[in-house]
Amino acid sequence: MKQVVNPKDTSRAKAFELWMSSPMPMVTLTKTFDVTRLCRIAKRKGLSFNMLLCWCIGNAASRIEEFYMLPEHGKLYKYDRLAINVIVNNCNGGINSCDVPYCDDLEKFNRDYTALTQSASSSCQSTFVDDAMVIGTSAMTATELDGIVNQYTDQFSNPMVMWGRYRKKWLKATLPISFQFHHVQMDGGHAAHFLEELQKVIKSI
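Going by this note's numbering, the sequence shown opens with residue 33, and the numbers climb by one from there.
Where hints are given, some of them may not hold.
Stated by the list, open to error - Keeping only pairs whose Cα atoms sit at most 20 Å apart, straight-line, the calculated EDC-like set for lysine to aspartate or glutamate is:
1. Lys34 - Asp162
2. Lys40 - Asp219
3. Lys77 - Asp137
4. Lys46 - Glu97
5. Lys204 - Asp178
6. Lys200 - Glu97
7. Lys107 - Asp163
8. Lys110 - Asp162
9. Lys63 - Asp178
10. Lys235 - Glu139
11. Lys204 - Glu228
12. Lys110 - Asp163
13. Lys75 - Glu139
14. Lys232 - Asp137
15. Lys34 - Asp112
16. Lys46 - Asp219
17. Lys232 - Asp136
18. Lys34 - Glu97
19. Lys200 - Glu176
20. Lys107 - Asp162
21. Lys201 - Asp66
22. Lys77 - Glu139
23. Lys235 - Asp137
24. Lys232 - Asp66
25. Lys200 - Asp219
26. Lys235 - Asp66
27. Lys40 - Glu104
28. Lys63 - Glu228
29. Lys107 - Asp41
30. Lys235 - Asp136
31. Lys110 - Asp186
32. Lys204 - Glu176
33. Lys107 - Glu176
34. Lys204 - Asp66
35. Lys34 - Glu139
36. Lys77 - Asp136
37. Lys110 - Asp219
38. Lys63 - Asp186
39. Lys140 - Asp112
To be clear, the hints were calculated from the coordinates, so they are not data collected in a lab.
Given these sequences and hints, build the entire structure.
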């Protein structure tokens, strides 16, 4: 469910006042993650590494209250569920956008992720979840990246998690991940807490 809320009745009242009209309200943090466990699980169970990382992102975000609010077009909205957006390469050589509803059940999330991304790839049609707070993702695995700063448009204020190819050295795999967020939605401390939670989920999945 998506509903308009009065910013003054939320913990984001001051941030809304300060940043809602800012011409550049986005902030980007980059952290290098230990993704060794994800690599091992993906290989052992025949699962997509990106699917596993998307589930971890949703799981970490689901524990943080600020992820359930989002500023849009001068208003503040509150949601009761999350979704993960995935960019899919389609069969015509282009890309499509695919929203995958987040759920705590990894097996169900994997089934939804697989079905929705395969459908987007073959049909060249994007799918969207309108009543969930959507966390954008972008995996540019053609190369290793140290960090990413995304473009900003006032038509899109959703948080965005981005990464390139993970790096292997001896028995360890690492991956720099960039996290971009709207300052009205959360402060730097909330974002840093999310990144810490994400590493914990990755290591414990």
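Tested hints:
Proposed proximity of lysine 34 and aspartate 162 is supported: the alpha carbons are some 8 Å apart, at most 20 Å. Restraint check for lysine 40 and aspartate 219: the C-alpha separation of about 16 Å stays at or below 20 Å, so the hint holds. Restraint check: the Cα-Cα separation between lysine 77 and aspartate 137 comes to about 16 Å, which is no more than 20 Å; the hinted pair holds. At roughly 16 Å between alpha-carbon atoms, lysine 46 and glutamate 97 fall within 20 Å of each other, so this suggested pair holds.
For the proposed pair lysine 204 and aspartate 178, the alpha carbon gap of about 17 Å is at most 20 Å, so the pair holds. As the CA atoms of lysine 200 and glutamate 97 are separated by approximately 34 Å, the hinted pair breaks the 20 Å bound. Proximity of lysine 107 to aspartate 163 is assessed by CA-CA distance (about 15 Å); at most 20 Å being required, the pair is judged to hold. The suggested pairing of lysine 110 with aspartate 162 holds, with an alpha-carbon distance near 12 Å, which does not exceed 20 Å.
Between lysine 63 and aspartate 178 the CA atoms are separated by roughly 9 Å; this keeps the pair inside 20 Å, and the hint holds. Distance check on the hinted pair: lysine 235 and glutamate 139 sit about 18 Å apart at the alpha-carbon level, within 20 Å; holds. Of the pairs offered as hints, the one joining lysine 204 and glutamate 228 holds, with about 19 Å between alpha carbons and a cut-off of 20 Å not exceeded. Between the alpha carbons of lysine 110 and aspartate 163 the distance comes to roughly 10 Å, so the proposed pair stays at or under 20 Å and holds.
Using a Cα cut-off of 20 Å, the hinted pair lysine 75 and glutamate 139 holds, with the two alpha carbons roughly 16 Å apart. Distance restraint check for lysine 232 and aspartate 137: the Cα-Cα separation of roughly 17 Å lies within the 20 Å cut-off, and the hinted pair is therefore satisfied. Distance hint between lysine 34 and aspartate 112 is fulfilled; the C-alpha atoms sit about 7 Å from each other, no more than 20 Å. Proposed proximity of lysine 46 and aspartate 219 is supported: the alpha carbons are some 11 Å apart, at most 20 Å.
For the hint linking lysine 232 to aspartate 136, the alpha-carbon distance of about 15 Å falls within 20 Å, and the restraint holds. Restraint check for lysine 34 and glutamate 97: the C-alpha separation of about 15 Å stays at or below 20 Å, so the hint holds. Simply put, lysine 200 and glutamate 176 have alpha-carbon atoms about 11 Å apart, close enough for the 20 Å limit, and the pair holds. For a cut-off of 20 Å, the pair hint linking lysine 107 to aspartate 162 stands: about 16 Å separates their Cα positions.
For the given pair, lysine 201 sits about 11 Å from aspartate 66 by alpha-carbon distance, which is consistent with the 20 Å threshold. For the hint pairing lysine 77 with glutamate 139, the CA-to-CA distance comes to about 12 Å; that is within 20 Å, so the pair holds. Pair hint lysine 235 plus aspartate 137 holds up; C-alpha atoms about 17 Å apart against a cutoff of 20 Å. With a C-alpha separation of about 10 Å, the suggested pairing of lysine 232 with aspartate 66 holds against the 20 Å cut-off.
Simply put, lysine 200 and aspartate 219 have alpha-carbon atoms about 32 Å apart, too far for the 20 Å limit, and the pair is violated. With a C-alpha separation of about 8 Å, the suggested pairing of lysine 235 with aspartate 66 holds against the 20 Å cut-off. This hinted pair checks out: lysine 40 and glutamate 104 have alpha carbons roughly 16 Å apart, not beyond 20 Å. For the hint pairing lysine 63 with glutamate 228, the CA-to-CA distance comes to about 9 Å; that is within 20 Å, so the pair holds.
At most 20 Å may separate the alpha-carbon atoms for a hinted pair to count; lysine 107 and aspartate 41 meet this at roughly 13 Å. The straight-line distance between the Cα atoms of lysine 235 and aspartate 136 is roughly 16 Å, inside the 20 Å bound, and the hint therefore holds. For the hint linking lysine 110 to aspartate 186, the alpha-carbon distance of about 18 Å falls within 20 Å, and the restraint holds. The straight-line distance between the Cα atoms of lysine 204 and glutamate 176 is roughly 15 Å, inside the 20 Å bound, and the hint therefore holds.
Proposed proximity of lysine 107 and glutamate 176 is contradicted: the alpha carbons are some 38 Å apart, above 20 Å. Restraint check for lysine 204 and aspartate 66: satisfied, since their Cα atoms lie roughly 7 Å apart, inside the 20 Å limit. The hinted pair formed by lysine 34 and glutamate 139 fails the criterion: a straight-line CA distance of about 26 Å is larger than 20 Å. In summary, the hint linking lysine 77 to aspartate 136 is supported, as the alpha carbons are separated by about 18 Å, within the 20 Å threshold.
This hinted pair checks out: lysine 110 and aspartate 219 have alpha carbons roughly 17 Å apart, not beyond 20 Å. A hinted pair counts as satisfied when its Cα atoms are at most 20 Å apart, and lysine 63 with aspartate 186 does not qualify at roughly 26 Å. With a C-alpha separation of about 19 Å, the suggested pair lysine 140 and aspartate 112 falls inside the 20 Å cut-off, and the hint holds.
In this structure, the earlier hints numbered 6, 25, 33, 35, 38 are contradicted, and the remaining ones agree with it.
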